[in-house]
Amino acid sequence: AQSVTQPDIHITVSEGASLELRCNYSYGATPYLFWYVQSPGQGLQLLLKYFSGDTLVQGIKGFEAEFKRSQSSFNLRKPSVHWSDAAEYFCTQGGSEKLVFGKGTKLTVNP
Amino acid sequence: DVKVTQSSRYLVKRTGEKVFLECVQDMDHENMFWYRQDPGLGLRLIYFSYDVKMKEKGDIPEGYSVSREKKERFSLILESASTNQTSMYLCASSLGGLAGAQETQYFGPGTRLLVL
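Respectively, the protein sequence lines represent chains F and C. Mapping to the working numbering: the first sequence position 65 is 65, numbers consecutive. Mapping to the working numbering: the second sequence position 61 is 61, numbers consecutive.
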């Protein structure tokens, strides 16, 4: 069965610092990978997605993610975090079956 | 922009009550989904639908049912609410044409349900 692991439950960074959120997926074939963000009290919004092609994917709000098949990883990055990025981030894997969500990483941004 | 709306943001019900959660999307999407979200557990799929009057069980369908009489509307029903159904419920939709797990899903704002 597919599974998605986000090793970090909670991360705190200072505003302006760089950010990397980790994600590992388990499915063998080329997966359909997504990162969603959930601001407090809101639904989920798509940041970016990877299906095939260039392994570095650009998303909204200055986020990017890199697909590394050899490491089964799809880490999310941002060079300079803004206070408005405080939210919960979900790595998600698709394919032929249902979407599988990681348990989420909550990001706190210190001023 | 795709808009997915849910009938209530907050709901308080009593144990044993029948509860209806409504979801409407305005982009003519084929696929619709109901998830519940609990701290530390992430999102879990309850039911989904690929077409009107069609439904499929997700990972945790017990205690729930759904109805899709019109393409734009997907209802989640708690036949007899219990305290362990206290949760955040999220509705989502996707365009269709591909398997639901290959498409972007668009989420509503969620309904936070408290069952007393």
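Derived by calculation from the structure, the hints in this document are not laboratory data. Treat the hints with care, since some could be wrong.
Derived DSSO-like pairs: lysine-lysine, alpha-carbon spacing no greater than 30 Å straight-line [unchecked claim]: (1) K68/F x K13/C; (2) K106/F x K71/C; (3) K18/C x K106/F; (4) K13/C x K49/F; (5) K71/C x K3/C; (6) K49/F x K55/C; (7) K71/C x K68/F; (8) K71/C x K49/F; (9) K3/C x K61/F; (10) K71/C x K13/C; (11) K57/C x K103/F; (12) K71/C x K55/C; (13) K3/C x K68/F; (14) K106/F x K68/F; (15) K3/C x K98/F; (16) K106/F x K70/C; (17) K3/C x K13/C; (18) K53/C x K106/F; (19) K57/C x K70/C; (20) K70/C x K68/F; (21) K55/C x K98/F; (22) K53/C x K18/C; (23) K70/C x K98/F; (24) K3/C x K49/F.
Every value quoted in this text rests on a predicted model; they were computed, and no experiment measured them.
Checked hints:
| no. | hint | result |
| --- | --- | --- |
| 1 | K68/F x K13/C | violated (46 Å) |
| 2 | K106/F x K71/C | violated (34 Å) |
| 3 | K18/C x K106/F | violated (33 Å) |
| 4 | K13/C x K49/F | violated (38 Å) |
| 5 | K71/C x K3/C | holds (14 Å) |
| 6 | K49/F x K55/C | holds (26 Å) |
| 7 | K71/C x K68/F | violated (38 Å) |
| 8 | K71/C x K49/F | holds (26 Å) |
| 9 | K3/C x K61/F | holds (20 Å) |
| 10 | K71/C x K13/C | holds (28 Å) |
| 11 | K57/C x K103/F | holds (21 Å) |
| 12 | K71/C x K55/C | holds (12 Å) |
| 13 | K3/C x K68/F | violated (33 Å) |
| 14 | K106/F x K68/F | holds (23 Å) |
| 15 | K3/C x K98/F | holds (22 Å) |
| 16 | K106/F x K70/C | violated (36 Å) |
| 17 | K3/C x K13/C | holds (27 Å) |
| 18 | K53/C x K106/F | violated (37 Å) |
| 19 | K57/C x K70/C | holds (19 Å) |
| 20 | K70/C x K68/F | violated (42 Å) |
| 21 | K55/C x K98/F | holds (14 Å) |
| 22 | K53/C x K18/C | holds (21 Å) |
| 23 | K70/C x K98/F | holds (23 Å) |
| 24 | K3/C x K49/F | holds (20 Å) |
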